[in-house]
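When you get a sec, could you build the whole thing from the sequences and use the hints?
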Amino acid sequence: MNLWYEFPALMVGFDIESTGLDTEVDEPISYGFAAYENGELVSEEEFFALPSVAIHPAAEKVHGWSRSKLEELHVAGEAHSAVAGVARAAQRLRAFHAQGAHFIGAYPEYDFRMTTSLLRR
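Numbering-wise, the sequence shown is residues 32 to 152 according to my numbering.
Simulated from the structure, these hints should not be mistaken for lab results. Glycine included, each C-beta is placed from N, C-alpha and C at the ideal position. All clues stand as given, with none of them false.
Here are the simulated distance ranges between beta carbons:
{"id": "1", "residue 1": "VAL114", "residue 2": "GLY136", "range": "18 to 26 Å"}
{"id": "2", "residue 1": "ALA89", "residue 2": "ALA40", "range": "37 to 45 Å"}
{"id": "3", "residue 1": "HIS133", "residue 2": "ALA107", "range": "30 to 38 Å"}
So this is what it looks like as structure tokens:
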């Protein structure tokens with residue numbers, strides 16, 4: 032049996048880790064992108080942000096990122112501020128969208144909601 036599937040030419044995996052689950056209060060602490068053109072991985076990017084709110088203990092258990100680890104990255108220039116991180120993520124999302132990307136992820140609705148909520152604040 033032959034099965035034929037048509038996939039979008041550009042698919043982008045988008046994922047975040049966050050300080051908690053409340054999209055109106057919590058913030059992303061990491062952003063990840065993986066772009067595939069015609070099924071081939073063409074770029075990967077991950078970056079971190081030091082949040083302006085506390086990281087909930089349950090969230091830290093899930094992703095393993097503590098405030099002190101993120102502060103170390105920030106001091107070393109390896110993590111953005113919360114505002115700079117979300118601005119960079121928004122720029123990447125806009126650029127991929129302009130190229131006609133289809134976004135995929137484990138729970139993209141949540142990831143987009145968390146990201147856009149921080150952009151509005």
